[in-house]
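Numbering-wise, the sequence shown is residues 17 to 318 according to this note's numbering.
Honestly, the hints are just simulated from the structure, not real lab data.
Just so it is clear, CB atoms sit at the ideal spot from N, CA and C, and this is done for glycine as well.
A hint or two may mislead.
[Stated by the list, open to error] Here are the in silico distance ranges between beta carbons for each label pair: (1) Leu-115 with Ala-186: 43 to 51 Å; (2) Leu-246 with Pro-205: 54 to 62 Å; (3) Asp-138 with Tyr-57: 15 to 23 Å; (4) Asp-180 with Glu-96: 35 to 43 Å; (5) Thr-56 with Ala-307: 20 to 28 Å; (6) Ser-189 with Ala-241: 19 to 27 Å; (7) Val-24 with Gly-163: 40 to 48 Å; (8) Asp-193 with Asp-138: 53 to 61 Å.
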Amino acid sequence: MLGTASQVPTRARAHNGYVLRWDRAGFLFDPGEGTQRQLTYAGVAASSITHICLTHSHGDHTFGLPGVLQRMALDGARHEVTLLYPAEAEAYVDLLVRLAGPPPQLRLRRQPCGPGVAVDADGWRLVADRLDHRVPALGWRVEEKDGRRVLPDRLAAAGVRGPDVRRLLAEGSLRVDGRVVRAEDVTVPRRGQVFAFVMDTRPCAGAARLAAGADLLVCEATFLAADAQLARDYGHCTARQAAELAAAAEVRQLVLAHFSQRYGEDVAVFEAEAVQVLPGTVAARDLDRFALPARRGAGRHD
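Required output: the full structure, derived from the provided sequences and hints.
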């Protein structure tokens, strides 16, 4: 969590910025002003970022982009970097990229997006959906593709060992000692893990779809319930609404961010409101780190 402030940074909270490490991919969501500095404090190399995802065009979510692009080039990023954003923000994003140079050695690929699968990679996909803010906005969802988990006891009973395990999984079946062993005989379905990012929105159907069944949801909680009308007027959620969204979506871990400066520096008030609806909710502080919860059903055969 590089920064957790909304609109105005405070002494304790920097503007938005969120990094997700996912296998060999590195996602940077909504780099607000000061993201370069926060990356340094967090010990995250800018060159480790492979995808930059913008939810919308407001400055507290984007003003750090030119500096981040320049820093990535300076730090020696030689891989392709994909910049994803709402298609309606094309002209605005073009200005930000032009401010950055862009550095000629940085292989930047721009991808304007609408709802749907934005990236379909080996083992995971990045999905976008509409949010309800004052300007066109998208939320993001990283989904590990479903797979199968090998059960060692069943492998041993079937007499499959060594290189034959890989062959069985790749080919789907294998003949062992005169009989056919199928992959489904020695494995069980393994649900892919899910991370969801919902920022700057009123409660809406798109946010619910993004959050559905997520292992970890980072959600904005700009206001408290006492200011629910302000939240609606400005296109935001309260801490209670974020918790209600997560509870209805059966989210396993909810992390709140994007807090208004009107409530001071103590984010515990947001957490206290949310846990009344969803126990275990955490209000993030700058530079906090969160791990995806362990896989569901770990150690079980169902």
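Okay, the hints, checked on the actual structure:
no.	hint	in the structure
1	Leu-115 with Ala-186: 43 to 51 Å	48 Å, holds
2	Leu-246 with Pro-205: 54 to 62 Å	45 Å, violated
3	Asp-138 with Tyr-57: 15 to 23 Å	32 Å, violated
4	Asp-180 with Glu-96: 35 to 43 Å	37 Å, holds
5	Thr-56 with Ala-307: 20 to 28 Å	22 Å, holds
6	Ser-189 with Ala-241: 19 to 27 Å	56 Å, violated
7	Val-24 with Gly-163: 40 to 48 Å	44 Å, holds
8	Asp-193 with Asp-138: 53 to 61 Å	34 Å, violated
Hints 2, 3, 6, 8 from the earlier list are contradicted by this structure; the remaining hints agree with it.
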